[in-house]
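Visitor: Next come the chains, spelled out residue by residue.
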Amino acid sequence: MQQIWHMFRRELKAYFVSPIAYIVIAIFLIVAGWFFFSPFFIRGQATMRYFFELLPFIFSFVVPAITMKLFSEELNTGSYELLLTMPVNFRQVLIAKLLAGTLFTAVMLLPTIAYPVCISLVGDLDWGPVIGGYLGALFLGFVFASIGLFASSLTRNQIIAFIIAAATCFILTILDALLFFLPASIVDFLAYLSASAHFDNISKGVVDSRDIIYFLSVSFVSLYGAYLVLTEKQ
Amino acid sequence: MIKVENLTRYYNDVCAVNRINLEINKGEVLGLLGPNGAGKTTTLRMLTGFLRPSAGTIRVKDMSIDTDILAIKSIMGYLPEAAPIYPEMLVYDYLNYVADIRGIPKGNQLSRVREMAEMCGLHSVMHQPVAELSKGYKQRVGLAHAMMNDPEILVLDEPTSGLDPNQIVEIRDIIRRIGKEKTIIFSTHILSEAEATCDRIAIIDKGKIVADETTRALKQQESMETVINLVIAGVDQKNAKSTLDKIEGVLEVWEPGADSIARNGEIHLKLRCTAAEDLRQRIYRQVRQTDWEVLEFYSETPSLENIFRKLTTAAD
Chain A
1 MQQIWHMFRR
11 ELKAYFVSPI
21 AYIVIAIFLI
31 VAGWFFFSPF
41 FIRGQATMRY
51 FFELLPFIFS
61 FVVPAITMKL
71 FSEELNTGSY
81 ELLLTMPVNF
91 RQVLIAKLLA
101 GTLFTAVMLL
111 PTIAYPVCIS
121 LVGDLDWGPV
131 IGGYLGALFL
141 GFVFASIGLF
151 ASSLTRNQII
161 AFIIAAATCF
171 ILTILDALLF
181 FLPASIVDFL
191 AYLSASAHFD
201 NISKGVVDSR
211 DIIYFLSVSF
221 VSLYGAYLVL
231 TEKQ
Chain B
1001 MIKVENLTRY
1011 YNDVCAVNRI
1021 NLEINKGEVL
1031 GLLGPNGAGK
1041 TTTLRMLTGF
1051 LRPSAGTIRV
1061 KDMSIDTDIL
1071 AIKSIMGYLP
1081 EAAPIYPEML
1091 VYDYLNYVAD
1101 IRGIPKGNQL
1111 SRVREMAEMC
1121 GLHSVMHQPV
1131 AELSKGYKQR
1141 VGLAHAMMND
1151 PEILVLDEPT
1161 SGLDPNQIVE
1171 IRDIIRRIGK
1181 EKTIIFSTHI
1191 LSEAEATCDR
1201 IAIIDKGKIV
1211 ADETTRALKQ
1221 QESMETVINL
1231 VIAGVDQKNA
1241 KSTLDKIEGV
1251 LEVWEPGADS
1261 IARNGEIHLK
1271 LRCTAAEDLR
1281 QRIYRQVRQT
1291 DWEVLEFYSE
1301 TPSLENIFRK
1311 LTTAAD
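Chains A and B, in that order, give the protein sequences. Its first residue numbered 1, the first sequence is counted upward by one per residue in this note's numbering. Its first residue numbered 1001, the second sequence is counted upward by one per residue in this note's numbering.
Worth flagging that the hints you see were computed from the coordinates, not collected in a lab. One or more hints might be untrue.
Partial chain A-side listing against chain B, Cβ under 8 Å, derived [stated by the list, open to error]:
hint: 1; residue: Gln2
hint: 2; residue: Gln3
hint: 3; residue: Leu82
hint: 4; residue: Leu84
hint: 5; residue: Pro87
hint: 6; residue: Arg91
hint: 7; residue: Thr112
hint: 8; residue: Ser209
Straight-line alpha carbon distances no greater than 30 Å define the calculated DSBU-like cross-link-like pairs of lysine-lysine that follow [to be verified]:
hint: 9; chain 1: A; residue 1: Lys13; chain 2: B; residue 2: Lys1135
hint: 10; chain 1: B; residue 1: Lys1206; chain 2: A; residue 2: Lys233
hint: 11; chain 1: B; residue 1: Lys1003; chain 2: B; residue 2: Lys1182
hint: 12; chain 1: A; residue 1: Lys233; chain 2: B; residue 2: Lys1003
hint: 13; chain 1: B; residue 1: Lys1208; chain 2: B; residue 2: Lys1182
hint: 14; chain 1: A; residue 1: Lys13; chain 2: B; residue 2: Lys1106
Where a beta carbon is used, it is the ideal one built from N, C-alpha and C, also for glycine.
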């Protein structure tokens, strides 16, 4: 437990001493802000719904950019060897890195709280879906970070890790929009795999155990995959 | 202290370490010696739990590496070859982080970090990022990392590679100093280094241990033979070699290194001879019968280099 905490702190610090963290945050805020606010006054509705509809798409590119270095960089510089010869095991390393990635996503989301605050000043905002939306966004960040972590454990090349993770996250995001191509028999099953559908539920303010189980299970599968990859590397 | 039995490791189909048996006693300084690619690093990585053996067992203080890996890691300090430390971290932060992970109580941390900084001469760089350090300083940070928890066993992978001569002497001094109390295993391909610092030397070649003896015993073995150097001109290498090979008492003739065919047709040859009799006159008489031009003719003080050579080229 102690070790997880110390590794987590180190990872988080490593994010904030490098300029990349600030660049990623800045890009996220610019992209999210632009796509959300440019049609906002045309719609003329005091709601955050469109922001949260947008979020899975933006996250599927931004979160992999955050997580791509978590293992790839260590594998590339060799610091992985020093890390693993200290008294820690894979489980602790994975948890620490996942938490660091997730918390960084949360920090990135933090400034966007200004949006609902501003909206509530000019219109009548329903705060229920907003809170649900942020909760869902945290889950989404957690799941995408798990996928990113898995991709990062596969290769010492950060760009490859990014592409694998971004492609996976993006497919999970658009899966429910693709379903009309497919026979009805497998639609139900594939619809369940779609990350954005589950995220939509939560962001409407409905916190259903099915959605939470979905997020936890995707995350678990990714982490277990990363665990197997690391074991294989031994 | 450490018992290694039939240790084997494959990388896909390539056998890097082939059924190694080693026993390391408490307080011993063991040098793992071998040419590049002999399997030294792989062996050390398995000892530290970074790599899993394909076959064989490692036991440290009666703990098995399969089941008690965390306990073993916590009494072991390891310095990998290039000291791959997080480049963005400050030295001070890094040492604190290591102390944290190693579970050193908060109250003792500062004094422990200070002690390490003193021992490894890190005072002047404590507040610099690791990326800005020279290789020697990085190696020292790695050494401080390895010794942070006062480990019973210290594993060092080529601790002096890439350092300048002064730094090599310093690192060797540190190894010798801590070697008085601790069990140290270190790998090197520099013979004089092993000779100067180790109690015992295991020579490893192509994944196998070809010699495992105390430094003194190895040297004694060496004194059974002498090496005579001959620099000649006016003859081609093959001819010279075959002529010299025929002299009674000459065990082997070889050219040391790639630069042996030097400029202007000079040929540098080394002759491994029995020490039972003095062969210098016999060689001289043999050479006098030819029209070679002798440029240099001298015998070498015995060193481990020759025995190393003998052991690691024997299979060819």
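Visitor: Each of the hints needs a verdict: does it hold here or not?
Guide: Consistency of the hints with the structure:
1. Gln2: Hint holds; Gln2(A) Cβ to chain B Cβ min 7 Å, cut 8 Å.
2. Gln3: holds, 6 Å
3. Leu82: Since the shortest Cβ distance to chain B is 6 Å, the answer is holds.
4. Leu84: Hint on Leu84(A): holds, closest Cβ of chain B at ~5 Å, below 8 Å.
5. Pro87: The hint holds - Pro87(A) has a Cβ within 8 Å of chain B, the shortest such distance being about 4 Å.
6. Arg91: violated, 11 Å
7. Thr112: violated, 27 Å
8. Ser209: Hint on Ser209(A): violated, closest Cβ of chain B at ~36 Å, above 8 Å.
9. Lys13(A) with Lys1135(B): holds, 24 Å
10. Lys1206(B) with Lys233(A): At roughly 22 Å apart (the allowed maximum being 30 Å), Lys233(A) and Lys1206(B) satisfy the hint.
11. Lys1003(B) with Lys1182(B): Holds, at roughly 16 Å.
12. Lys233(A) with Lys1003(B): With Cα atoms ~24 Å apart, Lys233(A) and Lys1003(B) stay inside 30 Å; holds.
13. Lys1208(B) with Lys1182(B): Given that 30 Å is the threshold and the Cα spacing comes to 26 Å, the pair holds.
14. Lys13(A) with Lys1106(B): holds, 19 Å
The structure shown violates the earlier hints numbered 6, 7, 8.
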